[in-house]
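Engineer: Could you put together the complete structure from these sequences and hints?
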Amino acid sequence: LYTAVVDLKATDSGCYAAFTLAIYTGMRAAEMVAARWDWLCYTADMQSTYIKVPGELSKSGNDRFLPISKEVLAELKAVRGNSDYMIPGATDYARYNTVSRRHSKWLADHGMKRNGKTNHELRKYFGATIATEQGLFAAQKLLGHSSPQLTSTSYAALIKMPEPLPLRHASAQPFSSAGSQEMISVS
1 LYTAVVDLKA
11 TDSGCYAAFT
21 LAIYTGMRAA
31 EMVAARWDWL
41 CYTADMQSTY
51 IKVPGELSKS
61 GNDRFLPISK
71 EVLAELKAVR
81 GNSDYMIPGA
91 TDYARYNTVS
101 RRHSKWLADH
111 GMKRNGKTNH
121 ELRKYFGATI
131 ATEQGLFAAQ
141 KLLGHSSPQL
151 TSTSYAALIK
161 MPEPLPLRHA
171 SAQPFSSAGS
181 QEMISVS
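The sequence shown begins at 1 in my numbering and counts up one residue at a time.
Read the hints as simulated data drawn from the structure, not as lab findings. Note that CB positions come from ideal geometry on N, CA and C, so glycine has one too. Treat each hint with caution, since some may be false.
Dumping the calculated BS3-like pairs for lysine-lysine here, alpha-carbon to alpha-carbon at most 25 Å [stated by the list, open to error]: (1) K77 <-> K105; (2) K70 <-> K124; (3) K70 <-> K9; (4) K9 <-> K124; (5) K105 <-> K124; (6) K70 <-> K52; (7) K141 <-> K70; (8) K124 <-> K52; (9) K77 <-> K52; (10) K9 <-> K77; (11) K59 <-> K141; (12) K124 <-> K141; (13) K9 <-> K105; (14) K141 <-> K52; (15) K124 <-> K59.
Computed beta-carbon distance windows for the label pairs [claimed, not checked]: (16) V72 <-> D7: 13 to 21 Å; (17) N82 <-> T49: 32 to 40 Å; (18) G135 <-> D84: 30 to 38 Å; (19) Y93 <-> E133: 23 to 31 Å; (20) E133 <-> Y2: 16 to 24 Å; (21) N62 <-> T11: 32 to 40 Å; (22) E56 <-> K141: 15 to 23 Å; (23) D7 <-> W37: 19 to 27 Å; (24) S147 <-> R101: 26 to 34 Å; (25) E133 <-> L73: 19 to 27 Å; (26) G111 <-> E56: 32 to 40 Å; (27) T132 <-> A90: 37 to 45 Å; (28) Q134 <-> S60: 14 to 22 Å; (29) Q47 <-> Y93: 36 to 44 Å.
Structural biologist: Take a look at the structure:
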């Protein structure tokens, strides 16, 4: 898939932008179509960047702030062109066609199609990654779900379970008290 994504960047910048937004922000298709460059906002120290998804576009009706790394932002800017929108295109229809038709077809052609919701597969990947690395609460907030139960129902089966810790047998040498002292000593 990596090689295919590199080829996508070179051949279809709009689809590449849709892929990048979906996999790195978890945006819904309608949010990607509407996403504007002026949705970007920064922390006071300019160290972090967010995409502010307006409440009227989210299912919950609340604004949602999606963190976006400098690297991902640079990738999106590299394919920006002259558009005010993150998905290049002069009209809503052109951007819709990019996200819901061309990008969906590209995903299906590369094996990402379940239940006919190709863009949603990338959203689910994003959600499962966040839930695994940061917990279901973080995934709920970033995906804009109305409740933790919805996130749990949708993503719990996709969460990668951590590797089990090795069993420490009673015959193993306990930590020495001297070792403990050295670990907590501040000198």
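Engineer: Against each hint, give a clear statement of whether it holds in the structure.
Structural biologist: To see whether the hints hold, each was checked on the structure:
no.	hint	result
1	K77 <-> K105	holds (24 Å)
2	K70 <-> K124	holds (22 Å)
3	K70 <-> K9	holds (18 Å)
4	K9 <-> K124	holds (22 Å)
5	K105 <-> K124	holds (18 Å)
6	K70 <-> K52	holds (16 Å)
7	K141 <-> K70	holds (21 Å)
8	K124 <-> K52	holds (20 Å)
9	K77 <-> K52	holds (17 Å)
10	K9 <-> K77	holds (12 Å)
11	K59 <-> K141	holds (12 Å)
12	K124 <-> K141	holds (14 Å)
13	K9 <-> K105	holds (15 Å)
14	K141 <-> K52	holds (13 Å)
15	K124 <-> K59	holds (16 Å)
16	V72 <-> D7: 13 to 21 Å	holds (19 Å)
17	N82 <-> T49: 32 to 40 Å	violated (21 Å)
18	G135 <-> D84: 30 to 38 Å	holds (35 Å)
19	Y93 <-> E133: 23 to 31 Å	violated (37 Å)
20	E133 <-> Y2: 16 to 24 Å	holds (20 Å)
21	N62 <-> T11: 32 to 40 Å	holds (37 Å)
22	E56 <-> K141: 15 to 23 Å	holds (18 Å)
23	D7 <-> W37: 19 to 27 Å	holds (25 Å)
24	S147 <-> R101: 26 to 34 Å	holds (32 Å)
25	E133 <-> L73: 19 to 27 Å	holds (20 Å)
26	G111 <-> E56: 32 to 40 Å	holds (34 Å)
27	T132 <-> A90: 37 to 45 Å	holds (39 Å)
28	Q134 <-> S60: 14 to 22 Å	holds (19 Å)
29	Q47 <-> Y93: 36 to 44 Å	holds (37 Å)
Checked against the numbered hints above, the structure violates hints 17 and 19; every other hint is satisfied.
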